[in-house]
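Can you make the complete structure from the sequences, with help from the hints?
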Amino acid sequence: MAVKDKQKFSDEINKEIQKRELILSNKKAESGCLIVKTANQWIDEAKNRPIPNMLFSQFWHENELCILYADTNIGKSILAVQIADSLSRGEAIPGFINECPPKIVLYLDFELSDKQFENRYSDNYQNHYHFENGFLRAEINAEADIPKEHNGIEDFLTKSLESKILENNADVVIIDNLTFLKSDNERAKDALVLMKLLKQMTKKSNISILVLAHTPKRDASKPITKNDLAGSKMLMNFCDSSFAIGGSALSPSLRYLLQVKQRNTEHVFHNENVIVCELKKEYNFLSFGFVEYGSEKEHLKQSVFNDVSDVMS
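With the first letter of the sequence shown counted as 1, position 79 gets the number 79 in the UniProt record's numbering; the numbers rise by one all the way through.
No lab work stands behind these hints, which were simulated from the structure alone. Quantities reported herein were computed from a predicted structural model and do not represent experimental measurements. Ideal Cβ positions, reconstructed from N, Cα and C, are used throughout, including at glycine. Each hint should be verified, as a subset may be incorrect.
[Stated by the list, open to error] Listed next, the in silico EDC-like pairs over lysine to aspartate or glutamate satisfying Cα-Cα at most 16 Å (straight line):
hint	residue 1	residue 2
1	LYS297	GLU272
2	LYS203	GLU45
3	LYS199	GLU162
4	LYS203	GLU162
5	LYS164	GLU139
6	LYS280	ASP123
7	LYS159	ASP145
8	LYS301	ASP219
9	LYS196	ASP155
10	LYS226	ASP71
11	LYS203	ASP240
12	LYS203	GLU62
13	LYS281	ASP123
14	LYS217	ASP71
15	LYS222	GLU296
16	LYS199	ASP240
17	LYS281	GLU118
18	LYS199	GLU62
19	LYS222	ASP71
20	LYS196	GLU154
21	LYS196	ASP240
22	LYS204	GLU167
23	LYS204	GLU162
24	LYS226	GLU296
25	LYS301	ASP71
26	LYS297	ASP219
27	LYS159	GLU139
28	LYS204	GLU62
29	LYS261	ASP240
30	LYS159	GLU149
31	LYS222	GLU272
32	LYS226	ASP240
33	LYS222	GLU298
34	LYS196	GLU162
35	LYS115	GLU139
[Claimed, not checked] Label-pair ranges, simulated between beta-carbon atoms:
hint	residue 1	residue 2	range
36	LYS217	ASN271	16 to 24 Å
37	GLU162	ILE43	24 to 32 Å
38	LEU34	ASN284	51 to 59 Å
39	ASN273	LYS37	33 to 41 Å
40	ASP155	LYS226	26 to 34 Å
Following this line, the structure appears as C-alpha cells:
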C-alpha cells in the first residue's frame, strides 16, 4: 500500500474513532437527570438546527411554549383562531409577520360548542368561512370513559393530546384554554407539572405550543404585567414567551397587544409600543384588524384618583 493511501486510511480510522468517542461521550453526558456537555458542544449541536422562525411576529417563534393571556371577553379565542388560520395557510395576518410555510395546526377548543364556532365563522349561519384542511379542531369527547390507568380527566386529556399530535403530524398546538386542562393552575405544584409536560412536548416533538389563559379581575387603569396571569410565577418561569391582550378605554372594539416575556427576540412591543387592533367581523370571519402602533397608557381607564385631581386642578 502506498504511503499516501496509508495516510488516507489512517486519517479515516482516526475520524471514525473520534466520531465513536463523541457518540459515547454524548450518551454518557445525557444519562441521568442532568445533561452535561462543554459549552462548545452545545453550540456545535445547536448550529445544526434551523433558526426558529416567527409564527406571530416577535410574540411567538417556532418550538416555543408561549402563553397568551387576557381578561374574559377580550378576544383571546378570536385571535388564537386567527393565528391558527394564518399558520395553516402559511400567510401572515395583515400587520404581523409569519415566516413559515403552511403548518398542521391542532386547536384544542374547550370554550366553544360546534354551533358557536359555526356562528363565529359564518354570516348568520350562512356563507361559512372556509378553513384550510391543515387546521384541525378538537373538542372533548363527552361520551369517552376515563381508563383506569389514568388519574382523572386531566391525566387522560394530556395523554390523549400527546397521541393526537403524533397521529396528525401536528406542527403547532393551541390550547384554549389552560383552566380546562388544569383546573388548579393557580396552585404552584399543579402549574409546575403542567408546564413541565408542555415544555417536554416542545422539545421531544419539535412542536410549537400556544396556551391561552385567563387573568383574575384586574384594575383597567393599570398597565398589564406578568403578575396579572393566574399562577404567574410558575407559569412564567416555564414558558419561553408570553404576550397579553388589553381592552381599550377609547373604544369597546379596540384592543392592544404587548410582549410580556421573550427569549428569541428583543422586547419590541412594550408599554410604549403596543400593537393596536380593532375587533371586527368582515362578512364571515371574526378577527383582529391591525390599526396602528401606540402607547399602552393611551388605552388605560382613568382612575378615580386622576379624575378627582383633574377636577380640583
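Hint by hint, here is what the structure shows:
{"no.": "1", "hint": "LYS297 with GLU272", "in the structure": "holds, 8 Å"}
{"no.": "2", "hint": "LYS203 with GLU45", "in the structure": "holds, 14 Å"}
{"no.": "3", "hint": "LYS199 with GLU162", "in the structure": "holds, 12 Å"}
{"no.": "4", "hint": "LYS203 with GLU162", "in the structure": "holds, 13 Å"}
{"no.": "5", "hint": "LYS164 with GLU139", "in the structure": "holds, 12 Å"}
{"no.": "6", "hint": "LYS280 with ASP123", "in the structure": "holds, 13 Å"}
{"no.": "7", "hint": "LYS159 with ASP145", "in the structure": "holds, 14 Å"}
{"no.": "8", "hint": "LYS301 with ASP219", "in the structure": "holds, 9 Å"}
{"no.": "9", "hint": "LYS196 with ASP155", "in the structure": "holds, 14 Å"}
{"no.": "10", "hint": "LYS226 with ASP71", "in the structure": "holds, 13 Å"}
{"no.": "11", "hint": "LYS203 with ASP240", "in the structure": "holds, 12 Å"}
{"no.": "12", "hint": "LYS203 with GLU62", "in the structure": "holds, 11 Å"}
{"no.": "13", "hint": "LYS281 with ASP123", "in the structure": "holds, 9 Å"}
{"no.": "14", "hint": "LYS217 with ASP71", "in the structure": "holds, 7 Å"}
{"no.": "15", "hint": "LYS222 with GLU296", "in the structure": "holds, 9 Å"}
{"no.": "16", "hint": "LYS199 with ASP240", "in the structure": "holds, 9 Å"}
{"no.": "17", "hint": "LYS281 with GLU118", "in the structure": "holds, 14 Å"}
{"no.": "18", "hint": "LYS199 with GLU62", "in the structure": "holds, 13 Å"}
{"no.": "19", "hint": "LYS222 with ASP71", "in the structure": "holds, 13 Å"}
{"no.": "20", "hint": "LYS196 with GLU154", "in the structure": "holds, 14 Å"}
{"no.": "21", "hint": "LYS196 with ASP240", "in the structure": "holds, 12 Å"}
{"no.": "22", "hint": "LYS204 with GLU167", "in the structure": "holds, 15 Å"}
{"no.": "23", "hint": "LYS204 with GLU162", "in the structure": "holds, 10 Å"}
{"no.": "24", "hint": "LYS226 with GLU296", "in the structure": "holds, 15 Å"}
{"no.": "25", "hint": "LYS301 with ASP71", "in the structure": "holds, 15 Å"}
{"no.": "26", "hint": "LYS297 with ASP219", "in the structure": "holds, 13 Å"}
{"no.": "27", "hint": "LYS159 with GLU139", "in the structure": "holds, 15 Å"}
{"no.": "28", "hint": "LYS204 with GLU62", "in the structure": "holds, 14 Å"}
{"no.": "29", "hint": "LYS261 with ASP240", "in the structure": "holds, 7 Å"}
{"no.": "30", "hint": "LYS159 with GLU149", "in the structure": "holds, 11 Å"}
{"no.": "31", "hint": "LYS222 with GLU272", "in the structure": "holds, 14 Å"}
{"no.": "32", "hint": "LYS226 with ASP240", "in the structure": "holds, 13 Å"}
{"no.": "33", "hint": "LYS222 with GLU298", "in the structure": "holds, 11 Å"}
{"no.": "34", "hint": "LYS196 with GLU162", "in the structure": "holds, 14 Å"}
{"no.": "35", "hint": "LYS115 with GLU139", "in the structure": "holds, 12 Å"}
{"no.": "36", "hint": "LYS217 with ASN271: 16 to 24 Å", "in the structure": "holds, 21 Å"}
{"no.": "37", "hint": "GLU162 with ILE43: 24 to 32 Å", "in the structure": "holds, 30 Å"}
{"no.": "38", "hint": "LEU34 with ASN284: 51 to 59 Å", "in the structure": "holds, 52 Å"}
{"no.": "39", "hint": "ASN273 with LYS37: 33 to 41 Å", "in the structure": "holds, 38 Å"}
{"no.": "40", "hint": "ASP155 with LYS226: 26 to 34 Å", "in the structure": "holds, 28 Å"}
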